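A.B. asks: Each chain, letter by letter, is given below.
Number of protein chains: 4
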Amino acid sequence: MLRYFTSGETHGKCLTAIIEGLPSGIKIDIEKINLALSKRQQGYGRGGRMLIEQDFVEILSGIRGGFTLGSPIAIKIENKDWTNWEQIMGIQTSNSSKAVLCPRPGHADLTGGMKYNHKDLRNVLERASARETAARVAVGALVRQVLEPFHIEFLSHAASIGPIVDRANWQDDGFSEKVEKSPVRFGCEQSGEEAMAYIDNIKEKGESCGGVVEVIVKGLPQGLGSYVHYDRKLDANIAFSVMSVQAIKGVEFGMGFACANIPGSQVHDEIFYENGFRRCTNHAGGIEGGMSNGEPIIVRAAMKPIPTLYTPLSTVNINDKSEQKAAVERSDICAVPACSVVVEAAVTFEIAKAFLDKFNGDCMDDVKAYYDVYMNRIKNY
Amino acid sequence: MLRYFTSGETHGKCLTAIIEGLPSGIKIDIEKINLALSKRQQGYGRGGRMLIEQDFVEILSGIRGGFTLGSPIAIKIENKDWTNWEQIMGIQTSNSSKAVLCPRPGHADLTGGMKYNHKDLRNVLERASARETAARVAVGALVRQVLEPFHIEFLSHAASIGPIVDRANWQDDGFSEKVEKSPVRFGCEQSGEEAMAYIDNIKEKGESCGGVVEVIVKGLPQGLGSYVHYDRKLDANIAFSVMSVQAIKGVEFGMGFACANIPGSQVHDEIFYENGFRRCTNHAGGIEGGMSNGEPIIVRAAMKPIPTLYTPLSTVNINDKSEQKAAVERSDICAVPACSVVVEAAVTFEIAKAFLDKFNGDCMDDVKAYYDVYMNRIKNY
Amino acid sequence: MLRYFTSGETHGKCLTAIIEGLPSGIKIDIEKINLALSKRQQGYGRGGRMLIEQDFVEILSGIRGGFTLGSPIAIKIENKDWTNWEQIMGIQTSNSSKAVLCPRPGHADLTGGMKYNHKDLRNVLERASARETAARVAVGALVRQVLEPFHIEFLSHAASIGPIVDRANWQDDGFSEKVEKSPVRFGCEQSGEEAMAYIDNIKEKGESCGGVVEVIVKGLPQGLGSYVHYDRKLDANIAFSVMSVQAIKGVEFGMGFACANIPGSQVHDEIFYENGFRRCTNHAGGIEGGMSNGEPIIVRAAMKPIPTLYTPLSTVNINDKSEQKAAVERSDICAVPACSVVVEAAVTFEIAKAFLDKFNGDCMDDVKAYYDVYMNRIKNY
Amino acid sequence: MLRYFTSGETHGKCLTAIIEGLPSGIKIDIEKINLALSKRQQGYGRGGRMLIEQDFVEILSGIRGGFTLGSPIAIKIENKDWTNWEQIMGIQTSNSSKAVLCPRPGHADLTGGMKYNHKDLRNVLERASARETAARVAVGALVRQVLEPFHIEFLSHAASIGPIVDRANWQDDGFSEKVEKSPVRFGCEQSGEEAMAYIDNIKEKGESCGGVVEVIVKGLPQGLGSYVHYDRKLDANIAFSVMSVQAIKGVEFGMGFACANIPGSQVHDEIFYENGFRRCTNHAGGIEGGMSNGEPIIVRAAMKPIPTLYTPLSTVNINDKSEQKAAVERSDICAVPACSVVVEAAVTFEIAKAFLDKFNGDCMDDVKAYYDVYMNRIKNY
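Protein chains in written order, with the working numbering: chain B, 2 to 382; chain Z, 2 to 382; chain F, 2 to 382; chain D, 2 to 382.
Fair warning: there could be bad hints in the mix.
A pair holds if it fits inside one copy or across any two, identical chains being indistinguishable in the list.
[As the list claims (entries may be wrong)] 20 Å max Cα-Cα, derived SDA-like pairs, lysine to any residue:
| # | residue 1 | residue 2 |
| --- | --- | --- |
| 1 | Lys182 | Phe155 |
| 2 | Lys81 | Ile60 |
| 3 | Lys99 | Phe68 |
| 4 | Lys204 | Phe57 |
| 5 | Lys182 | Ala370 |
| 6 | Lys179 | Ala198 |
These are computed hints drawn from the structure, not numbers from a lab.
Predicted, not measured: the structure shown is a model, and the values here were computed from it.
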């Protein structure tokens, strides 16, 4: 069973992760991981830190000569800023020069401080920070490589930023290339310009914004996940993974919330047969009965606005209970493009996990052979 | 760690569940479980089966003299219709008189048949059926009883049915009582009438409909769940549980998808202090940083329309691949009110699990004492 | 991933279990489960209850027409004595006519009472009782049926009872048949007579005895379990399962503790090649590096003497703290033969789990094809 | 729930581990971890590598200013020899100058090669190596620090080496100090001399040896673990953890296998009362009914002889199937003293896990308060 832990504070030495459960013999291209890390750092509306700290992954174990060994893989992403924080965040001794006493609304600060009895809220925010998502992106970009021989493809983009909706659709020609070129990960260039103008506008107001991100997974076989027990449903597992991403407040598949409003005949995807079972629509977003049904999986997630505002919100000093303005720890205005990359990684992990649950060979040769066995069987169903 | 399995087919002998991890000494009122089961069976728009088969729970183990023993609890809900199905669904021998060969769009039928190599799709639909949710409702109503001494309250209702929105709000006076009296679990009587008229209308057209359900949890302490690791976040776990409910296509907390459109200052809930930390708003839906923040938890879920239509959709016979109309196995028009009860149970389980993770006494005396320890500590934070 | 829960008290209505994770299409013979249950009830030295209560399994779900559906399987074993205990062990009301106030040394009674705050120790012993092993035996006999097409065979026997050692060896001709005929599950008839005489002798003295049981698993492919992470080692998982059986105080593989005393050259099994890699010895008991190595797996477990003595041990009344003699709740003198059947079931579950982790097809056709893929690959290694 | 992953190859860059689930506010002394690592490297009979490579732990995250944050803790132990192996074990490119083609009997080599389809068995042995236990020792020494405020103490020693038994007993005066001074971790100096002479003797013969190690845990409260479900039993979990240590072939508690031979009255520990429930004996090794009963926990484990012999065993070249002598990769004669330190760590982890399952506060203040609540309650039981 594929599984992983992440670790690391935003101004600590580094982020790390250990990934357990990959078969041996996967060809690993480290640059693909670095590319994903780089995408996570980009996007119109990011603050200054992204510039000083380009992330690179270091593989500590589990890979030899470019191939997985089957052993656990440890990865590390250095925090380049560590030298500036070593006194503050030191393992054995630390100082309180950057102590945070005013919990920021919308963050883990206040509840985290109460729960773990931290009097310096830095002890909370260092871990609760979205910096952690760099580790998750690296994990996603690593485990995706087990899926590549099977032509499973992932695409992520920003579907909307604040009120600005991307007028292009992922099925449009050249969509993916346009997204990769767009500073807001939009497929429609003009919509993208509007989104950037919007970001500029709210920045001036000391505001922040959120948006909706979308991930599409193409090329999955039918039957990942299962209906037989609630905790094996693929959509449930993806929703879990996506909702666990910082700032996500909603997750939906296919038509999602929209299907609640319209009659059944306009929602369900009829079944046809022409050299195999076929659909003409994909309102279900590729999942029926908790299983991939062979159509592209379409997941959307709502990202709330960055909680750290340059016009900060009201809060309270935890020591003297005085009314204060929230600390301004970091300073993105909009992280929706980056969030799409993170959500893609979160989805990727669950897909890889479900894939390896089903085609659980110890080495890639076995994974491929198991896959072929299954695909040949269902082709003749 | 609280955990459970369910088992059972829709026309099999019975549904069962085993729940492991409850402390000893919880006073159990079985009628509360039966009441929840009864609510699940009600609602305007249900088909005929609900009338013939009123569900009752039987406790098989783990409770003695009205109190939990700390041992696993097994529960059973009989399928009253079993005598009519015994030949068809027999354990040792069965007949194919009710074989299903035409997979219904929107159901697990086709993919389930391929995955498990079933040639009679009844073997899929019997387990994939929403009948299974009766077991989950019973589990929810059982484990909720560990929370009652702590004044944690749950409320579920239908927020909309098809395009008809309940104009009342859960914070309105008498909302809960009105919901319990309403055949559509609406708080506004007039909206409810409109919803029923809508159901009548689509029924005439051979259609079905979905809707949005909402669950509110009041009285939770701060700090259930955790930000420290992605898989410990309370919202992720609730989203997992809710998305695993049959027919759910979207889950959101608080403002949910709406918060993606508006600036940060209108989204985040400012912090005040007056005999404790306070909020004036709850746009976050009670969860920040993956933890309960002391405000009511507000979860909404989108239910797709019932896939079984009286004007059935196109499909294909799995044997001869001929074009067919989908089988009409069961016949609700609208199950949104019932769905709200199921989602409530799904949320309840995760709340109880998170609560017992945090206040993990072996007996209720210890749970209460641990709770008091924590509440006293954070009162003075 | 194969998993199960058990539930039930020794004088409650019934025992139940839910097994999740079996593929579809396994042919299930219920009589094989009943046969295993019957073996568990036999053996020289058992008390009276075994006679009144022959166990039969009832399948509640997950099987149709003699084949698994892929859905969770629920099983039930009635406690035939329930009518006599219904007032005492009632779910909603119970009486204290059989209250246990004097904890029995060697049992869970005292610590269980303290932990769960039970003032009637019956609330502990009802669940801690070895009666629960009936459910585990049924689970083992059920899941074994997924292994049968692969010619994986299990053998369990009593290696010693008290100081009396079975002089036969599992590799002797006709060993298995002799064990099944022996009231003490010995392979040497004369040793068996001595064991029975020993049991008679200690019975007269008001004593009880334990012994050593051995389970052999033949026909496993190389490579179940893994060395890559400590929690995936097959021996660790088997040891876990076996040590969790009531009254087990030690577990060993192959030479076990004996290999600690002798030089390495006499312990390790040299490797040869003749139409495949071969061994001439099996001191390792079939497991190297946490993986099955193709040789028979040999597990031995030490069972302590039955703690309930007819000449009872000293204890204390939990209410008034007065010195007392321990209650005599049930009355086996020796349960070693039965224990071998239970340990076999405990081992079987872990083998089936490891097997299905490796050949994780959704239906038996896929499991078989995956198995063939792997066996063909390693044949040419 | 306390949990951890380890990662790393024996000649790779480093070992790492991530530990998740520790409360905040534990005072961490890194030198205690280094001391445990140092003990693991010592012992009469070790080969040359131990000298070149003194292990030190580096904390990468989760600790600030000497206290745990509640966040996951990542640790790293460098392999000092890495510069010599960088070409051979390189992540992106590697060479085969140290390829292993002849699987060593008693190791994971052969089965691991088949399972993961490795043609250079170095890909197996690098991870299967006992080098990995350094990470487990560090994890044990770290998590132990949550137990220190509760006066829970651990002691590990070698009970026998080959046929030489330590004539001292852990209850003897000054036992622990003598063990720490003894190169073989014996409590009796003279026995220790005999053990060293034995090691010298078998070394001359090109042999290796194993032994029995023992771990004692003092100061545990009653009620860790539980009888209510098989997988919650403390002894089962400890057996799992211990059996997963490289080279362990048997695990027993208290009298262990010896109790299988003698009558019940000589095995079970009678119960008395004098300012609390008391025992005069501890044959059970501190565990009854799967729970700690308040007496010291006593675990023994059998370590097989080191499989790598200087007079190597017969094996087969995996390429040409020619008969060969096994490769001599590393060269301890006896690692029993080190093994006792590893087994202690394996036991420690499970104790800490069970302790935190029961007293699951988020911060040490809560853990302590929960502990006091429970101890006060059971004091008056």
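A.B. asks: Please go over all the hints and tell whether each is borne out by the structure.
C.D. replies: Right, here's what the structure says about each hint:
In this assembly of identical chains, the alpha carbons of Lys182 and Phe155 lie at most 20 Å apart only when taken from the same copy (16 Å versus 47 Å across copies). Taking the closest pair of Cα atoms, Lys81 and Ile60 come within 20 Å of each other both inside a single copy (17 Å) and across two copies (17 Å). Taking the shortest Cα distances, Lys99 and Phe68 sit within 20 Å of each other only across copies (17 Å), while inside one copy they are farther apart (43 Å). When the C-alpha separation of Lys204 and Phe57 is checked against a cutoff of 20 Å, the pair qualifies neither within a copy, at 29 Å, nor between copies, at 48 Å.
Neither within a single protomer nor between protomers do Lys182 and Ala370 lie at most 20 Å apart by alpha-carbon distance, with minima of 37 Å and 45 Å respectively. In this homomeric assembly, Lys179 and Ala198 come within 20 Å of each other (Cα to Cα) only inside a single copy, at 18 Å, whereas the closest approach across copies is 47 Å.
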